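Q: Could you put the whole structure together from the sequences, leaning on the hints where they help?
Below are the chains, spelled out letter by letter.
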Amino acid sequence: MNQFTLAIGFGLVTSAILALGAVGFTLQFGVSNIFNLAYGDVMTVSAFTAYLADSSGTGIWLAMLVGAATGAVVSVAMSTLIFAPFLRRGTSRFTMVMVSLALAVIVQNAIQAVAGAGFRSFPESQGTSLHLLGMILTPFQLVIIGVAAASMLLLHLLLRYTRVGKALRATAADPELARSSGIATERVTAAAWAISGALCGLGGVTLALNLASFDFTFGNQFLLIVVAAAVFGSVGQPYGAMVGAVVIGMASELAAIWTPALKQVVAFVILALILLIRPAGLWRKSFVQVDLAAR
Amino acid sequence: MRAFIVGLKPGLAVLAAAAFAASGCASSSSQNSGSGSGTMNIGVIYPFTGANADQGAIGMAGCLTGAAEVNAAGGVLGRKFVCKPFDTKGDPADATTAANQMMASASPVMVIGASDDAVTTAPIVTAAHVPNFATIGDPHFDHQANPYFYRITPSDALQGVALGYWAASHYSHPAAVFTSDLGAQTSVPPLRTEMTKLAHKLAADVTLAPGQSSYRTEISKIIAAKPDALVTEMDPQSAATFLSEYLQLAGHLPIILGTQRTSNSDWIAAVLGAIGQADYVKYIKSITPYVPPASPSHTVYAHWLLKQGAVKQPSQYLQHPYAIADYDAINITALAMVEAHSTAPAAYNKFIVKVTAASPGAVQVHSYAEGLRALKAGKTIEYVGAGGPLAFNQYHSAERAFSFDAFQAANKSMNPVTVIPGSALNG
Numbered sequence: 001m002n003q004f005t006l007a008i009g010f011g012l013v014t015s016a017i018l019a020l021g022a023v024g025f026t027l028q029f030g031v032s033n034i035f036n037l038a039y040g041d042v043m044t045v046s047a048f049t050a051y052l053a054d055s056s057g058t059g060i061w062l063a064m065l066v067g068a069a070t071g072a073v074v075s076v077a078m079s080t081l082i083f084a085p086f087l088r089r090g091t092s093r094f095t096m097v098m099v100s101l102a103l104a105v106i107v108q109n110a111i112q113a114v115a116g117a118g119f120r121s122f123p124e125s126q127g128t129s130l131h132l133l134g135m136i137l138t139p140f141q142l143v144i145i146g147v148a149a150a151s152m153l154l155l156h157l158l159l160r161y162t163r164v165g166k167a168l169r170a171t172a173a174d175p176e177l178a179r180s181s182g183i184a185t186e187r188v189t190a191a192a193w194a195i196s197g198a199l200c201g202l203g204g205v206t207l208a209l210n211l212a213s214f215d216f217t218f219g220n221q222f223l224l225i226v227v228a229a230a231v232f233g234s235v236g237q238p239y240g241a242m243v244g245a246v247v248i249g250m251a252s253e254l255a256a257i258w259t260p261a262l263k264q265v266v267a268f269v270i271l272a273l274i275l276l277i278r279p280a281g282l283w284r285k286s287f288v289q290v291d292l293a294a295r
Numbered sequence: 001m002r003a004f005i006v007g008l009k010p011g012l013a014v015l016a017a018a019a020f021a022a023s024g025c026a027s028s029s030s031q032n033s034g035s036g037s038g039t040m041n042i043g044v045i046y047p048f049t050g051a052n053a054d055q056g057a058i059g060m061a062g063c064l065t066g067a068a069e070v071n072a073a074g075g076v077l078g079r080k081f082v083c084k085p086f087d088t089k090g091d092p093a094d095a096t097t098a099a100n101q102m103m104a105s106a107s108p109v110m111v112i113g114a115s116d117d118a119v120t121t122a123p124i125v126t127a128a129h130v131p132n133f134a135t136i137g138d139p140h141f142d143h144q145a146n147p148y149f150y151r152i153t154p155s156d157a158l159q160g161v162a163l164g165y166w167a168a169s170h171y172s173h174p175a176a177v178f179t180s181d182l183g184a185q186t187s188v189p190p191l192r193t194e195m196t197k198l199a200h201k202l203a204a205d206v207t208l209a210p211g212q213s214s215y216r217t218e219i220s221k222i223i224a225a226k227p228d229a230l231v232t233e234m235d236p237q238s239a240a241t242f243l244s245e246y247l248q249l250a251g252h253l254p255i256i257l258g259t260q261r262t263s264n265s266d267w268i269a270a271v272l273g274a275i276g277q278a279d280y281v282k283y284i285k286s287i288t289p290y291v292p293p294a295s296p297s298h299t300v301y302a303h304w305l306l307k308q309g310a311v312k313q314p315s316q317y318l319q320h321p322y323a324i325a326d327y328d329a330i331n332i333t334a335l336a337m338v339e340a341h342s343t344a345p346a347a348y349n350k351f352i353v354k355v356t357a358a359s360p361g362a363v364q365v366h367s368y369a370e371g372l373r374a375l376k377a378g379k380t381i382e383y384v385g386a387g388g389p390l391a392f393n394q395y396h397s398a399e400r401a402f403s404f405d406a407f408q409a410a411n412k413s414m415n416p417v418t419v420i421p422g423s424a425l426n427g
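Here the protein sequences line up with chains L and F, keeping their order. FYI, in our numbering the residues of the first sequence are 1 to 295. FYI, in our numbering the residues of the second sequence are 1 to 427.
No wet-lab data here; the hints were simulated from the structure. Bear in mind that the values here come from a model prediction, so they are computed numbers and not experimental data.
Here are some of the chain F residues that sit facing chain L, going by a computed Cβ distance under 8 Å:
1. T49
2. A209
3. Q248
Cβ-to-Cβ under 7 Å is the rule here; a few derived chain F residues that face chain L:
4. V206
5. S244
6. A274
Covered by chain L, per the in silico footprint, the following chain F stretches (three or more residues, Cβ under 8 Å):
7. 50-62
8. 213-222
9. 230-243
Heads up, the beta-carbon is just placed ideally off N, CA and C, and yes, glycines get one too.
A: What follows is the structure in structure tokens.
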């Protein structure tokens, strides 16, 4: 087995999971300007509801949809019931980060109170490993890659070719101007939270599937690397987050060939170097500008 | 955290305070001076939330069992024990807060725990001259000189030797796979030394970053080394991911030789769900501090564990060496208090070693009630715990034998199969 080719294959899986999480995170930030540290715990809630659905016999596909729907509903609820009242009072951006941190602790402890501290595993088997182009992947991992790719494509189509996408871009670029142009920015922001929450939920379910066992802390544990991928691609830029997910995912798997204990450190060193050269992240143009340039 | 809450706007402060309370940090307001009438608090300081929350449940199982036994015998000098949990969350910063809060709000007469967090909690506890019975394996405590600190489980240095001895004796190509956290890493140097001493080589020696979403690249390298056993210590999450991916890539597992962490219920639940019961029974083994399955002391322990009524699924702790060590610590403390005729920590601390030491004319006792009767009769006692004799060395470490354990599906726990003789580990 060629270690390099194998690592590329494994990196694809890691990148796919990261992309779902990072794009959702960055989309949320792009429209709302909230650096939401409770995001990882929404991943956890989504994974638990998907697990409940799957355990009750829905099958993994429907369970994924349940996870995505949970992420969307919880995210919109957070935005409407928690973040919006603070924003209306003119709470500063830094304080909003603290609000999200407090919310993360509450959500995590709520999950523990309801579901307990024990580990859960999805009942589905990962299946027999498949050998493809020198890579080894299970059918489940192919599903994860497929779900991520389809989600990214759908998001791209939504942002570029639909009225909701245009409204999202307009709101992200200048909320005041968008509002004065007749766009219902509150509804658009809610839509952004719902879409990003759905991606967050899907990210949570695919991550839980990949981990084999998960508990009430797992989403929070992976928040750092999700944020890293988003920052790498410039926070607020969905396309940048996609690139960031691929780079961080691949870098950590390739680093594991030589230094397994430091695989994440290597990814973060690359992130630091990129930020030194390009302080705003890799993706200089906003997704609004990219779209305008394409016309 | 509290200072942070004070500085926030009212609405935010409510939110943050709710988070703080929900995280289990709310303190008990009971006061206990450690002397006089009333109850006496035992501080149980472990992670009760987070990835190592299992440690808290284990500590409370031991404490509640010991307290039930002592209280049923009339308490100590007329006073009864109460177990008070304090949550370190497995984080040094939170552990410091929890330890300070425990000492300020509960005024414990003794403290059980912590494990890895003892590096930060033990100095706070012992500075107040309160005896601290910790389960930390870190070899840095092997030669500690603090008179109020006691280690009631073996050093990781000895754990590493036991792992190396068993691996070298039973497998031709064992590999070492440990996560990079301190709790796991302390066993690695003695493992390597023991392997070298026994003229054995590790097929692979890999350190993993804990809590990753995937270990496939690392696993493919390990598989290439063709190990017939993996000597390992990992947290439950990492172990579940690692072992399920190993199974996917190799089609089977080598023998997995774990440590005490492998015997914890959270580890078993995580890995059992990831690889299935058939493979778990076939491949998962561990080397743990040995607990005699049948002894007069263990019979008493089992009786009170199953009777006290406050521990969830108590049978899972019947053979658990750490729950048993915490239980033994309470009996030792109670007997030391009786011997000292005082419940004041500074007074009874001098008698802790005495009530456990084998000495000419000392009567072996196997429970608090038995020890109490012997002390009242004016006899010198040697408390032999449910985990076996607990003779503390000059550094206050209680060394124990180890056993090779296998999983029993019936009670979903690891159980001793073979005892590793102390001579093998010392010689």
